[in-house]
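Chain L is fixed; fit chain C onto it per the hints.
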Amino acid sequence: MSGAELGLAVSVFLACTVEAVEALTIVLAVGTTRSWSSAMSGVGAATLALAAIVAALGPALTSLPIGVLRVAVGGLLLIFGLQWLRKAILRSAGLKAKHDEQETFREETEAARALGVKPAGFDGYAFAISFKGVLLEGLEVAFIVLTFGANQKHVALAAAAAAAAVLAVIAAGVAARAPLAKVPENTMKFAVGVMLSSFGMFWGAEGAGASWPGGDAALLALIPSVLIAANAIVWMLRRAIPVAGGEEPVPAEAPELTGVSA
Amino acid sequence: MSRVRAFCLGVWDFIVGDDWRTALGVVLALGLTALIADASIAAWWVMPLAVLGLLALSIRRAARGAARSG
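One line per chain: the protein sequences are L and C, in this order. Residues 64 to 325 in this note's numbering are what the first sequence lists, from first letter to last. Residues 18 to 87 in this note's numbering are what the second sequence lists, from first letter to last.
Isolated chain L, as found in the complex (with noise of 0.2 Å):
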């Protein structure tokens, strides 16, 4: 496997998981209080979605001509990984909350308990918020794949590490049997804003033109760099960005993964 499939597996694993996530998280809400059997045809109905989405799309992607992929794809990914990481780096300063996932399990709950009775078969509210939020939360997994898989002419490994991911969540939330509340997701959506910015920039350079300096190795120089870069703005902000009103200093909590010190 070369450097660049390892990072198109990780990638994808990593988005795959935060995504899955919270998934698990709003499927376990409407499954618990509502129907299990008409949260999991929900579930089904998504993931057959899903699946026809990247079955539809990928043949058609890979067979664009490499310059044009490379810098449509290289732009797109960037354009994504950089909204990802924006995030991230507002969520490690302590400027947007962080997903709890405990709080939209409650959140869930209480809204599905809010309906009232139960209808004795098929429950129609229990297959639609599963089919809804595994579709939308897996759509971003799609793109991903999609995107990572056809520039490497690999979207079967990209689907691979997809689904990985996802029955390594389903196991850990059978296993759990409550929301997957301690995953660090703010680093692993740093970690996947790092790798698709990388890889966006890298690509779409390329796809413009562009010749990088050592070819593929300048992602070894680019991954980190924008590591360096994400973590040095965290950093940044934490020191010089007020909390409202302008007089609190920005509580320095605790890094996750990131390497900053608070």
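Please keep in mind that the hints were generated in silico from the structure rather than gathered at the bench. Check each hint, because a few of them may be wrong.
[What the hints assert, rightly or not] Footprint (simulated), chain L over chain C, 3 or more residues, beta carbon under 8 Å:
1) 19-26
2) 36-45
3) 48-58
4) 61-67
Note that the coordinates shown come from a computational prediction; the quantities given were computed from them, not determined experimentally. All residues carry an ideal CB built from backbone N, CA and C; glycine is no exception.
Frame of chain L, contents of chain C only:
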């Protein structure tokens, strides 16, 4: 709102997100890279500089917004 409009807005929101300036900056940086590379000049440095600048500006806008609203 028509379904087509809603779909287009959904796609826009999915890809561009809540910071269109960053998306526009990425497109412009790729264009600049293509122009420089077309002139047979080394152009690999454009994207790293652009990404650093776009990320810093995006964070700055978001941080200021958070400080104002927080």
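Hints, verified against the model:
no. : hint  : verdict
1   : 19-26 : violated (count 0)
2   : 36-45 : holds (count 5)
3   : 48-58 : holds (count 6)
4   : 61-67 : holds (count 4)
Consistency note: the structure conflicts with earlier hint 1 alone.
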